[in-house]
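S.K.: Throughout the sequence shown, residue numbering follows the working numbering, covering 336 to 490 in sequence.
FYI, nobody ran anything at the bench for these hints, they're computed from the structure. Careful: at least some of the hints might be erroneous.
Distance ranges between label pairs, derived from CB positions [said to hold, decoys possible]:
1. R433 <-> L469: 19 to 27 Å
2. D386 <-> E484: 20 to 28 Å
3. H380 <-> N461: 17 to 25 Å
4. R371 <-> D417: 46 to 54 Å
5. D379 <-> R433: 15 to 23 Å
6. P472 <-> R433: 23 to 31 Å
7. R395 <-> D434: 43 to 51 Å
8. F396 <-> P367: 40 to 48 Å
9. C470 <-> D417: 49 to 57 Å
10. V457 <-> V423: 20 to 28 Å
11. W436 <-> Q486: 24 to 32 Å
12. E416 <-> P365: 38 to 46 Å
Note that the structure is a prediction, hence the values are computed from the model and not measured. Ideal placement from N, C-alpha and C gives every residue a C-beta, glycine not left out.
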Amino acid sequence: MAVSADALARLQRAEGGGDPDRSATLLPDPEPRLRRHTIISVDDHLIEPADCFEGRLPARFADRAPRIVELDGGREAWAYEDGLYPQVGLNAVVGRPRDEWSMEPARFDEMRPGCFDPHARVADMNIDGVQASLCFPSLIARSEEHTSELQSLAY
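When you get a sec, could you build the whole thing from the sequences and use the hints?
M.R.: Shown next, in the form of structure tokens:
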């Protein structure tokens, strides 16, 4: 479901929201541990990279492809087919202290790169001792009511 500009403005004004001086704390990487078992994670979630759709759709859709925009207050959201879709903060809390977890929209520079960069994700998996992972997308703008040709191509 798209989030209206008014709803995003309210989110940004909410406690801790839209503070340009706010930054996320990323904890240091733990030391890799000895692997005793083969671990395959079957319920992981990822954040689509900001450039995910650039150059991957037919040229006629290039100017309408999902893209990241910066909103007032410094928050980021996906702009797509007349809607704004924020990155839900809980989708990218890995490596952050629990007291910083929130539903507030997150910026890419506040996320651990393994949330959206495949090479960094593999490095994180190696630290965790995970040998394989089944990842689910964040579903930027996927809904039953939104079934345009562009959406079919993007997803």
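S.K.: When you take the CB atoms of D386 and E484, is the distance between them in 20 to 28 Å?
M.R.: holds (22 Å)
S.K.: Do the Cβ positions of D379 and R433 conform to the proposed distance bound of 15 to 23 Å?
M.R.: Holds, at about 19 Å.
S.K.: Should the hint that R433 and L469 are 19 to 27 Å apart at their CB atoms be regarded as holding?
M.R.: Given about 25 Å between the Cβ atoms, the range holds.
S.K.: Should the hint that F396 and P367 are 40 to 48 Å apart at their CB atoms be regarded as holding?
M.R.: holds (42 Å)
S.K.: Between R371 and D417, does the beta-carbon spacing fit 46 to 54 Å?
M.R.: holds (51 Å)
S.K.: Is the distance from the Cβ of E416 to the Cβ of P365 consistent with 38 to 46 Å?
M.R.: holds (41 Å)
S.K.: Falls inside 49 to 57 Å, the C-beta gap from C470 to D417?
M.R.: Because 28 Å falls outside the window, the suggested range is violated.
S.K.: Within 17 to 25 Å or not, the Cβ separation of H380 and N461?
M.R.: Since the Cβ atoms of H380 and N461 sit about 19 Å apart, the hinted range of 17 to 25 Å holds.
S.K.: Mind checking the hinted window 20 to 28 Å against the Cβ distance between V457 and V423?
M.R.: The hint (20 to 28 Å, Cβ to Cβ) holds, given that V457 and V423 are roughly 24 Å apart.
S.K.: Within 23 to 31 Å or not, the Cβ separation of P472 and R433?
M.R.: Holds: the Cβ-Cβ distance is about 25 Å, inside 23 to 31 Å.
S.K.: Taking 24 to 32 Å as the hint, is the beta-carbon distance of W436 and Q486 inside that range?
M.R.: holds (30 Å)
S.K.: Within 43 to 51 Å or not, the Cβ separation of R395 and D434?
M.R.: 47 Å Cβ-Cβ, so the 43 to 51 Å window holds.
Of the hints listed earlier, the one the structure fails to meet is number 9.
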